[in-house]
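Chemist: Sequence:
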Amino acid sequence: MTSSRFQDAAALVRRAKERLPGLRAAYEKAIAAGEVSAELKMDVKEIIDCLRSALDYCARELYERYGAPTKKGTKPKVYFPIAPAGSDWKSFLGKSIPGLDEKRPDLARTLERYQPAADPRNNQWLADLAFLSIENKHAQLSAQAPQRMPWVDAPPGFIIMDSHDIIIEDVVVNGHRLEGPLRLDTDHLPENLPDWMQVGSSTVFVWRIDQRTVEVLELLTHAVHRMDRIVDQLSKRA
Numbered sequence: 001m002t003s004s005r006f007q008d009a010a011a012l013v014r015r016a017k018e019r020l021p022g023l024r025a026a027y028e029k030a031i032a033a034g035e036v037s038a039e040l041k042m043d044v045k046e047i048i049d050c051l052r053s054a055l056d057y058c059a060r061e062l063y064e065r066y067g068a069p070t071k072k073g074t075k076p077k078v079y080f081p082i083a084p085a086g087s088d089w090k091s092f093l094g095k096s097i098p099g100l101d102e103k104r105p106d107l108a109r110t111l112e113r114y115q116p117a118a119d120p121r122n123n124q125w126l127a128d129l130a131f132l133s134i135e136n137k138h139a140q141l142s143a144q145a146p147q148r149m150p151w152v153d154a155p156p157g158f159i160i161m162d163s164h165d166i167i168i169e170d171v172v173v174n175g176h177r178l179e180g181p182l183r184l185d186t187d188h189l190p191e192n193l194p195d196w197m198q199v200g201s202s203t204v205f206v207w208r209i210d211q212r213t214v215e216v217l218e219l220l221t222h223a224v225h226r227m228d229r230i231v232d233q234l235s236k237r238a
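Under this note's numbering, think of the first position of the sequence shown as 1, with each following residue one higher.
FYI, nobody ran anything at the bench for these hints, they're computed from the structure.
Be aware that one or more of the hints could be misleading.
To be verified - Computed beta-carbon distance windows for the label pairs:
#1 A68 x K236: 46 to 52 Å
#2 P194 x R65: 17 to 23 Å
#3 E18 x D88: 34 to 40 Å
#4 E191 x K45: 40 to 46 Å
#5 D195 x A33: 32 to 38 Å
Stated by the list, open to error - Below, in silico cross-link-like pairs of lysine-lysine (DSS-like), each with a Cα-Cα straight-line distance of 27 Å or less:
#6 K77 x K90
#7 K90 x K103
#8 K72 x K90
#9 K17 x K236
#10 K71 x K95
#11 K137 x K29
#12 K236 x K90
#13 K90 x K71
#14 K95 x K236
#15 K41 x K137
#16 K29 x K17
#17 K72 x K41
#18 K77 x K95
#19 K75 x K41
#20 K236 x K77
#21 K137 x K77
#22 K103 x K236
#23 K45 x K77
#24 K95 x K75
#25 K29 x K72
#26 K41 x K17
C-beta: ideal position from N, C-alpha, C; glycine also.
Work out the full structure: start from the sequences and follow the hints.
Modeler: Take a look at the structure:
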């Protein structure tokens, strides 16, 4: 049985997930040393490359099943659509996966729901991943002074955004999955936090993206978690 590109995409996401423990170890070493190491940059690049490639494998599979040639009759350069804010979605999708909107409008709507413009708070990670996949952008890490940062003593599935907001989702505590996503403003945390959440200060490595501060480890952990869902959803619906 021939493997579909969805299976290849799932394998890439698994590889990225397998790289996370190494990334955390390199991250902790770099924090202790106070500088971004070559090892950390390499781990970051490998995870970003896996995730970006997984997205494009999904796009290629969708095109092979439901796409159409260009008006000139040639095959287009197919890629996973991540539309900039304010862009025309149908036009953008038509350039990245031509024919999909006509043959499978339901899948076109699914892709649209993943877009940062559709849900800026929950989907911004996808735009950040696209930005960092540009050559050398991922390497522009810097250390940030200690600050009050929340962390969750529970299985991963959360991301800190802009160092001011935390969005928690898919957290399982004592065998029960919490309803979510849960949003907290770190500048105004409630006095009585749940016993599975602690607040402390730590040094973090960050990217500066469009005037925002994005913490490295949390973004990539969250991206791997969300990519698992995207590949699974697209493969089942296609």
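Chemist: Does each hint fit the structure? Answer for all of them.
Modeler: Hints and how they fare:
1. With their beta carbons about 23 Å apart, A68 and K236 fall outside the hinted range of 46 to 52 Å.
2. In this structure the supplied range 17 to 23 Å is violated for P194 paired with R65, their Cβ-Cβ distance being about 45 Å.
3. For the hinted restraint 34 to 40 Å between E18 and D88, the CB-CB distance of approximately 38 Å keeps it satisfied.
4. Distance hint check: the CB atoms of E191 and K45 are about 42 Å apart, consistent with the given range 40 to 46 Å.
5. Our hint of 32 to 38 Å for D195 and A33 holds, since their Cβ atoms are close to 33 Å apart.
6. Between K77 and K90 the alpha-carbon distance is near 17 Å, which keeps this suggested pair within the 27 Å criterion.
7. Distance check on the hinted pair: K90 and K103 sit about 13 Å apart at the alpha-carbon level, within 27 Å; holds.
8. In summary, the hint linking K72 to K90 is supported, as the alpha carbons are separated by about 19 Å, within the 27 Å threshold.
9. Between the alpha carbons of K17 and K236 the distance comes to roughly 21 Å, so the proposed pair stays at or under 27 Å and holds.
10. With a C-alpha separation of about 11 Å, the suggested pair K71 and K95 falls inside the 27 Å cut-off, and the hint holds.
11. A threshold of 27 Å between alpha carbons decides the hint, and for K137 with K29 the separation of about 22 Å falls inside it, so the pair holds.
12. The hinted pair formed by K236 and K90 meets the criterion: a straight-line CA distance of about 23 Å does not exceed 27 Å.
13. Using a Cα cut-off of 27 Å, the hinted pair K90 and K71 holds, with the two alpha carbons roughly 16 Å apart.
14. Pair hint K95 plus K236 holds up; C-alpha atoms about 24 Å apart against a cutoff of 27 Å.
15. Proximity of K41 to K137 is assessed by CA-CA distance (about 11 Å); at most 27 Å being required, the pair is judged to hold.
16. A hinted pair counts as satisfied when its Cα atoms are at most 27 Å apart, and K29 with K17 qualifies at roughly 20 Å.
17. Proximity of K72 to K41 is assessed by CA-CA distance (about 42 Å); at most 27 Å being required, the pair is judged violated.
18. A hinted pair counts as satisfied when its Cα atoms are at most 27 Å apart, and K77 with K95 qualifies at roughly 8 Å.
19. For the suggested pair K75 and K41, the alpha carbons sit about 35 Å apart, so the restraint of at most 27 Å is broken.
20. For the suggested pair K236 and K77, the alpha carbons sit about 24 Å apart, so the restraint of at most 27 Å is met.
21. Restraint check for K137 and K77: the C-alpha separation of about 22 Å stays at or below 27 Å, so the hint holds.
22. For the hint linking K103 to K236, the alpha-carbon distance of about 17 Å falls within 27 Å, and the restraint holds.
23. Distance hint between K45 and K77 is fulfilled; the C-alpha atoms sit about 23 Å from each other, no more than 27 Å.
24. Simply put, K95 and K75 have alpha-carbon atoms about 11 Å apart, close enough for the 27 Å limit, and the pair holds.
25. Between K29 and K72 the CA atoms are separated by roughly 53 Å; this puts the pair beyond 27 Å, and the hint is violated.
26. Taking the CA atoms of K41 and K17, the gap is about 16 Å. The hint holds against a cut of 27 Å.
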